[in-house]
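Start from the sequences and build out the full structure, keeping to the hints where you can.
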Amino acid sequence: DVKVTQSSRYLVKRTGEKVFLECVQDMDHENMFWYRQDPGLGLRLIYFSYDVKMKEKGDIPEGYSVSREKKERFSLILESASTNQTSMYLCASTEGQVGDYGYTFGSGTRLTVV
Amino acid sequence: GENVEQHPSTLSVQEGDSAVIKCTYSDSASNYFPWYKQELGKGPQLIIDIRSNVGEKKDQRIAVTLNKTAKHFSLHITETQPEDSAVYFCAASTNTGGFKTIFGAGTRLFVKA
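Going line by line, the protein sequences match chains A and B. Basically the working numbering = 1-based index in the first sequence + 444. Basically the working numbering = 1-based index in the second sequence + 72.
In case anyone wonders, no lab produced these hints; they're calculated from the structure. In this text, all values refer to a predicted model and were calculated from it rather than measured experimentally.
Residues of chain A placed beyond 10 angstroms of chain B at every Cβ, according to the derived structure:
no.: 1; residue: Gly460
no.: 2; residue: Glu506
no.: 3; residue: Tyr508
no.: 4; residue: Glu523
no.: 5; residue: Ser524
no.: 6; residue: Thr527
no.: 7; residue: Val558
Here are the simulated lysine-lysine pairs, DSS-like style, with alpha carbons at most 25 angstroms apart:
no.: 8; chain 1: B; residue 1: Lys172; chain 2: A; residue 2: Lys499
no.: 9; chain 1: A; residue 1: Lys501; chain 2: A; residue 2: Lys514
no.: 10; chain 1: B; residue 1: Lys172; chain 2: A; residue 2: Lys515
no.: 11; chain 1: B; residue 1: Lys114; chain 2: A; residue 2: Lys447
no.: 12; chain 1: B; residue 1: Lys140; chain 2: B; residue 2: Lys94
no.: 13; chain 1: B; residue 1: Lys114; chain 2: A; residue 2: Lys457
no.: 14; chain 1: B; residue 1: Lys129; chain 2: B; residue 2: Lys94
no.: 15; chain 1: B; residue 1: Lys94; chain 2: B; residue 2: Lys114
Partial chain A-side listing against chain B, Cβ under 8 angstroms, derived:
no.: 16; residue: Gly486
no.: 17; residue: Leu487
no.: 18; residue: Leu534
no.: 19; residue: Gln541
no.: 20; residue: Val542
no.: 21; residue: Gly543
no.: 22; residue: Asp544
no.: 23; residue: Gly546
no.: 24; residue: Tyr547
no.: 25; residue: Phe549
no.: 26; residue: Gly550
no.: 27; residue: Ser551
no.: 28; residue: Gly552
All residues carry an ideal CB built from backbone N, CA and C; glycine is no exception.
In structure tokens:
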């Protein structure tokens, strides 16, 4: 069964900490994405990557960065965590050209910044 | 900006009844329309999708229809079961002039046994 695996289900971090969220897919997909999901705001795209070492900003990239050193792994980095980054973070991947196919999502990481 | 409106936000049906969720999109360049089901504590799961050159697609109890002229697409679930209870999201996607996928706000479906 194809999978997108997020390393943590729940995380609690302190304000100002540097936070790493890891995502691995086993489907050899070209494209990987980071979304955050908030009640009333739906899913918002933070960053995506269509190839190793390539990245593109999404709709809300401020306060975040990403790293894709290997095809199967896409990391989201919160440079200095703030309370307004408390959210559910979803990683996803797709094959082919970006936008042509549906996402396979991970189970999510619920991050709380205190 | 471009958006996708999804209705209703909450839907409650009796087991065995049908459920219909509707979405309207604004970007005429959208050409791919997936639907996702999200159960509690899980990530969204793709359940069905349709492309702009098709008007209807069916997979067992689930069907999706697309009206490109009106920029509407709908999810139809027949013979609903309690395990259909979840949040459903529509999305409209394009890669013309740059990639963009816009999600609807979601519909919480309750199926009462």
